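If you read the sequences in order, they're chains A and B.
Quick note: the first sequence, position 374, residue 373 per numbering that gives the first Met the number 0, numbers continuous.
Quick note: the second sequence, position 452, residue 451 per numbering that gives the first Met the number 0, numbers continuous.
Quick caveat, the hints were computed from the structure, so don't treat them as lab data.
Everything numeric in this text was worked out from a predicted model, so none of it was measured.
You may find that some hints are simply not true.
For chains that are exact copies, the list does not tell them apart, and a pair is met inside one copy or across any two.
Stated by the list, open to error - Derived SDA-like pairs (lysine to any residue); straight-line CA-CA distance at most 25 Å:
#, residue 1, residue 2
1, Lys383, Ala277
2, Lys413, Ala377
3, Lys253, Pro313
4, Lys410, Leu287
5, Lys383, Arg356
One letter stands for each residue in the lines below.
Protein chains: 2
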Amino acid sequence: MSRVACGIVCACVTMWPAPMRAQPADLRQRVEAYVSANQRAIVAELVELLSIPNAGGDGDGIAKNAEFLRRMLEGRGFGAEVLQTTGNPLVFGDLRVPGATRTLLIYSHYDGQPVNPADWKQPSPFSPLLRDGRMEDGGREVPGLGGLDRFEPDWRLYARSASDDKSPIVALCAALDALTASGLKPTSNLKVILDGEEEAGSPSLVPAIGRYRSKFSADAMLILDGPVHPSGKPTLVFGARGIVTFTLKVYGPKFALHSGHYGNWVPNPATRLAQLLATFKDDDGRVLVDGFYAGIDPLRPEEQQMLDAVPDDPAQLKALFGISVPENSQRTLQESLQVPSFNIRGLSSAFVGEGARTIIPDSAEAEIDVRLVKETPALAMLEKIRAHIRKQGYHVVSTDPDDATRARYAKIVKMTTSESGTNAYRTSPLLPVSQQLSGALQQVFGEPPVRIRTSGGTVPIAPFIDALGFPAISVPIVNFDNNQHGENENLRLGHFFRGIAIIAGALQM
Amino acid sequence: MSRVACGIVCACVTMWPAPMRAQPADLRQRVEAYVSANQRAIVAELVELLSIPNAGGDGDGIAKNAEFLRRMLEGRGFGAEVLQTTGNPLVFGDLRVPGATRTLLIYSHYDGQPVNPADWKQPSPFSPLLRDGRMEDGGREVPGLGGLDRFEPDWRLYARSASDDKSPIVALCAALDALTASGLKPTSNLKVILDGEEEAGSPSLVPAIGRYRSKFSADAMLILDGPVHPSGKPTLVFGARGIVTFTLKVYGPKFALHSGHYGNWVPNPATRLAQLLATFKDDDGRVLVDGFYAGIDPLRPEEQQMLDAVPDDPAQLKALFGISVPENSQRTLQESLQVPSFNIRGLSSAFVGEGARTIIPDSAEAEIDVRLVKETPALAMLEKIRAHIRKQGYHVVSTDPDDATRARYAKIVKMTTSESGTNAYRTSPLLPVSQQLSGALQQVFGEPPVRIRTSGGTVPIAPFIDALGFPAISVPIVNFDNNQHGENENLRLGHFFRGIAIIAGALQM
Numbered sequence: 000m001s002r003v004a005c006g007i008v009c010a011c012v013t014m015w016p017a018p019m020r021a022q023p024a025d026l027r028q029r030v031e032a033y034v035s036a037n038q039r040a041i042v043a044e045l046v047e048l049l050s051i052p053n054a055g056g057d058g059d060g061i062a063k064n065a066e067f068l069r070r071m072l073e074g075r076g077f078g079a080e081v082l083q084t085t086g087n088p089l090v091f092g093d094l095r096v097p098g099a100t101r102t103l104l105i106y107s108h109y110d111g112q113p114v115n116p117a118d119w120k121q122p123s124p125f126s127p128l129l130r131d132g133r134m135e136d137g138g139r140e141v142p143g144l145g146g147l148d149r150f151e152p153d154w155r156l157y158a159r160s161a162s163d164d165k166s167p168i169v170a171l172c173a174a175l176d177a178l179t180a181s182g183l184k185p186t187s188n189l190k191v192i193l194d195g196e197e198e199a200g201s202p203s204l205v206p207a208i209g210r211y212r213s214k215f216s217a218d219a220m221l222i223l224d225g226p227v228h229p230s231g232k233p234t235l236v237f238g239a240r241g242i243v244t245f246t247l248k249v250y251g252p253k254f255a256l257h258s259g260h261y262g263n264w265v266p267n268p269a270t271r272l273a274q275l276l277a278t279f280k281d282d283d284g285r286v287l288v289d290g291f292y293a294g295i296d297p298l299r300p301e302e303q304q305m306l307d308a309v310p311d312d313p314a315q316l317k318a319l320f321g322i323s324v325p326e327n328s329q330r331t332l333q334e335s336l337q338v339p340s341f342n343i344r345g346l347s348s349a350f351v352g353e354g355a356r357t358i359i360p361d362s363a364e365a366e367i368d369v370r371l372v373k374e375t376p377a378l379a380m381l382e383k384i385r386a387h388i389r390k391q392g393y394h395v396v397s398t399d400p401d402d403a404t405r406a407r408y409a410k411i412v413k414m415t416t417s418e419s420g421t422n423a424y425r426t427s428p429l430l431p432v433s434q435q436l437s438g439a440l441q442q443v444f445g446e447p448p449v450r451i452r453t454s455g456g457t458v459p460i461a462p463f464i465d466a467l468g469f470p471a472i473s474v475p476i477v478n479f480d481n482n483q484h485g486e487n488e489n490l491r492l493g494h495f496f497r498g499i500a501i502i503a504g505a506l507q508m
Numbered sequence: 000m001s002r003v004a005c006g007i008v009c010a011c012v013t014m015w016p017a018p019m020r021a022q023p024a025d026l027r028q029r030v031e032a033y034v035s036a037n038q039r040a041i042v043a044e045l046v047e048l049l050s051i052p053n054a055g056g057d058g059d060g061i062a063k064n065a066e067f068l069r070r071m072l073e074g075r076g077f078g079a080e081v082l083q084t085t086g087n088p089l090v091f092g093d094l095r096v097p098g099a100t101r102t103l104l105i106y107s108h109y110d111g112q113p114v115n116p117a118d119w120k121q122p123s124p125f126s127p128l129l130r131d132g133r134m135e136d137g138g139r140e141v142p143g144l145g146g147l148d149r150f151e152p153d154w155r156l157y158a159r160s161a162s163d164d165k166s167p168i169v170a171l172c173a174a175l176d177a178l179t180a181s182g183l184k185p186t187s188n189l190k191v192i193l194d195g196e197e198e199a200g201s202p203s204l205v206p207a208i209g210r211y212r213s214k215f216s217a218d219a220m221l222i223l224d225g226p227v228h229p230s231g232k233p234t235l236v237f238g239a240r241g242i243v244t245f246t247l248k249v250y251g252p253k254f255a256l257h258s259g260h261y262g263n264w265v266p267n268p269a270t271r272l273a274q275l276l277a278t279f280k281d282d283d284g285r286v287l288v289d290g291f292y293a294g295i296d297p298l299r300p301e302e303q304q305m306l307d308a309v310p311d312d313p314a315q316l317k318a319l320f321g322i323s324v325p326e327n328s329q330r331t332l333q334e335s336l337q338v339p340s341f342n343i344r345g346l347s348s349a350f351v352g353e354g355a356r357t358i359i360p361d362s363a364e365a366e367i368d369v370r371l372v373k374e375t376p377a378l379a380m381l382e383k384i385r386a387h388i389r390k391q392g393y394h395v396v397s398t399d400p401d402d403a404t405r406a407r408y409a410k411i412v413k414m415t416t417s418e419s420g421t422n423a424y425r426t427s428p429l430l431p432v433s434q435q436l437s438g439a440l441q442q443v444f445g446e447p448p449v450r451i452r453t454s455g456g457t458v459p460i461a462p463f464i465d466a467l468g469f470p471a472i473s474v475p476i477v478n479f480d481n482n483q484h485g486e487n488e489n490l491r492l493g494h495f496f497r498g499i500a501i502i503a504g505a506l507q508m
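All chains, full assembly: derive it from the sequences and hints.
What follows is the structure in structure tokens.
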């Protein structure tokens with residue numbers, strides 16, 4: 000299908016005309032008309048890109064993706080190159096717009112999660128398959144993908160990275176093509192970074208800054224990744240929580256003991272662990288660690304308003320999850336995501352079920368993740384938690400206690416953390432660039448976008464955002480129910496086509 | 000080896016002479032002299048009995064054991080028969096002693112725990128093997144078992160049921176033979192019940208009372224089972240704790256959720272379970288369930304004295320177990336066993352270790368056992384615990400909650416128990432029969448026996464003791480480190496030979 004892709008590329012190698020200051024009122028119509036007329040070519044370019052295997056560890060596939068993407072950018076007038084890093088290469092593009100007073104750094108990634116082809120309901124995750132609806136709802140294959148001129152909005156393309164995160168790159172290119180076809184151009188200089196290691200935590204991104212600082216300089220970053228709000232509405236995301244994980248292991252006797260012979264006399268580590276864990280939260284879900292919420296200011300009225308405007312449906316979520324009231328009944332979902340969380344993600348001690356035996360276990364373990372916000376960096380949070388545990392009378396160790404340690408301390412817990420965590424990031428939605436972007440989308444779609452002040456999950460590029468030091472905002476386009484990271488990942492084409500208009504709006508802000 | 004066994008049998012089919020009122024001062028010497036002269040025959044009878052497979056489900060082996068044992072008793076002058084029950088048969092023996100004013104019912108069992116021969120360091124668990132010491136300490140096989148006349152006290156016989164519980168039956172017969180050889184006889188009428196289902200919880204024992212009530216009537220029961228105190232001293236046990244087990248399952252969302260997207264908002268079941276479990280005990284190990292200790296009187300001075308006289312070695316136990324202080328530093332091990340315990344024997348929620356994922360788990364479970372004392376029967380205890388859980392705001396269910404239940408209650412826990420538990424039993428050590436038995440052993444060994452008011456573990460014959468209604472006391476003889484219930488079960492022969500003197504003393508009380 001490279002012929003088709005090449006046709007698009009050739010349409011936009013012209014130089015940009017002088018920038019327009021204001022977005023035309025009919026931008027949406029113009030982009031939609033372009034997309035409608037060019038569905039076949041746009042989808043063909045996406046299908047071709049999805050056909051190149053992109054597991055992060057597949058060096059050959061990664062190199063092919065990088066070169067294909069470099070040519071895609073080059074075809075849109077970018078100065079495009081493949082930048083070597085300490086890991087997989089970055090694809091970099093630079094497009095100067097005469098008269099532009101702002102430079103946007105657009106981030107996306109081209110690597111995908113590892114695949115187990117046997118789990119996919121199609122011959123290969125890298126042979127895109129079109130369905131006339133969501134597979135789980137009975138969507139069936141639409142044959143003849145390469146020969147179709149029209150695609151229904153509810154049709155879905157099934158392939159690894161269909162939504163995470165190749166389609167936003169194709170949508171960006173299509174948006175530029177659409178602007179060109181309409182006699183328009185971006186209102187900002189554009190730089191593009193396409194990451195080849197996002198699914199592995201983007202380990203080479205921050206180190207690359209030292210080498211490519213001037214290339215990466217910009218006034219703001221737009222992140223093309225992630226799904227839109229479950230309501231389906233156009234969405235902007237201004238931040239993401241960070242995360243730090245750790246394990247607590249409380250010690251009982253050196254080996255499991257008969258609960259009859261020693262029960263009441265030898266301390267039970269599962270009871271101790273339960274008592275320790277119980278000290279972390281009150282009954283309303285408020286975390287009792289000193290300083291857990293330190294530095295977090297109350298929301299400003301505009302921020303509260305923004306949170307309140309998010310069209311969450313708590314009744315629907317509660318029914319879906321089978322819960323009657325949230326942890327804290329006074330807090331909305333969006334409000335909950337503005338503060339750090341303390342989550343027990345695993346518990347274990349001896350056996351439950353069939354294997355249960357009448358013993359005092361030798362130890363009890365808990366796995367914990369703490370989601371962080373901008374005001375609560377990972378390492379400081381771990382220190383506060385360690386202090387809290389000490390306050391409960393525990394001797395905190397980092398390796399299994401030896402006999403002398405066991406003999407000396409009544410309460411011993413091992414606290415281990417495998418990594419230093421990922422900090423949160425947050426761009427104020429009140430900054431000019433934030434407001435300009437919101438305003439641009441409002442103008443395109445006739446209503447303000449859903450604005451997420453902080454998304455609950457964690458993104459690996461947070462340290463990159465931190466290191467670059469300029470504002471970053473996510474502009475997601477894909478459907479929420481995309482099976483991201485799992486088998487049968489998919490992209491709803493209606494979301495994809497609308498995403499081209501979303502990105503065009505952002506480029507015209 | 001039946002020829003040898005038969006030789007012993009033939010030595011004691013004479014009628015008993017008139018009872019002697021007082022135990023002779025040299026009883027120990029007389030028994031020891033008999034045992035010393037007859038080691039070969041005594042061990043041969045034990046080896047022959049151990050060679051008959053006795054897993055409870057092996058009907059053929061069980062029948063062979065029963066008939067062999069019936070003949071053993073018959074050979075000692077008992078009216079002996081095999082009694083059919085709803086399960087495996089009982090072997091019953093009745094020996095009237097002219098002039099005796101007391102009847103003792105002696106209980107032992109002939110079935111053994113299931114075996115996995117591959118785990119044993121010998122060709123078969125039913126081919127007894129002699130070692131010159133404890134296998135774990137390097138004890139090596141002593142060849143020519145059938146032809147030996149002398150056995151060292153530290154030698155051990157390895158076979159299933161070597162200690163649990165065939166050797167006490169052989170020791171009882173040898174004790175009777177030794178008395179006869181010394182011109183002595185028991186001071187009580189004797190009835191013997193040999194159980195064929197103890198390892199399966201003795202389900203047919205209580206039902207058998209209805210059918211055989213007059214046969215089972217007696218003034219007191221002696222239980223020949225279990226090990227002596229770890230100090231190795233002769234021991235009497237006046238009671239055993241009961242047990243009731245249950246499972247608690249706390250519910251979170253219907254399926255595991257992303258801890259970033261919903262952490263702080265969707266309740267975490269592991270946190271809830273920890274908070275619930277933490278309410279059960281204070282930091283000193285005192286259980287906080289209303290009425291948990293109800294009806295338990297303070298110890299009487301004689302009882303306290305008895306507990307204090309038990310030669311436990313807490314420093315050695317603490318070093319062995321790797322603990323610095325017991326759950327309640329004010330309580331000795333023996334004191335701890337006089338009250339019910341609350342023991343978390345298993346915990347589970349989602350995953351720990353390699354499999355840990357950043358999720359809010361869908362549920363969290365705890366397995367619990369409560370050891371009971373005579374004053375706290377199982378079913379009443381379960382009710383108190385259920386009330387305690389309700390007091391913490393939980394809706395208690397017995398099956399997984401449906402959507403309507405989930406929608407109605409914020410806190411839901413499933414409490415399930417697979418059985419109705421086993422009650423404790425306790426015979427007052429201050430009863431005349433208790434004091435007579437202690438006195439008899441003191442006279443034989445020159446010092447009082449270790450007297451255990453309540454052993455921590457649970458015995459399945461507690462309901463049988465309860466139903467019969469007369470006092471029961473355990474007279475253990477075997478070594479503590481016998482690998483009971485495991486592979487490589489063994490009997491230290493020094494304990495076995497001394498056990499013959501212990502039982503002879505009991506028969507002469």
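Outcome of the hint check:
Proximity of Lys383 and Ala277 under a CA criterion of 25 Å is satisfied in both settings, with 16 Å inside one chain copy and 22 Å between copies. Taking the closest pair of Cα atoms, Lys413 and Ala377 come within 25 Å of each other only inside a single copy of the chain (19 Å); across copies the shortest separation is 36 Å, beyond that limit. With identical chains, the CA atoms of Lys253 and Pro313 are at most 25 Å apart between copies only, with a shortest distance of 15 Å across copies and 47 Å within one. With identical chains, the CA atoms of Lys410 and Leu287 are at most 25 Å apart both within one copy (20 Å) and between copies (21 Å).
Taking the shortest alpha-carbon separations for Lys383 and Arg356, only the inter-copy value of 23 Å comes in at or below 25 Å, while the best intra-copy value is 37 Å.
In this structure, every one of the numbered hints holds.
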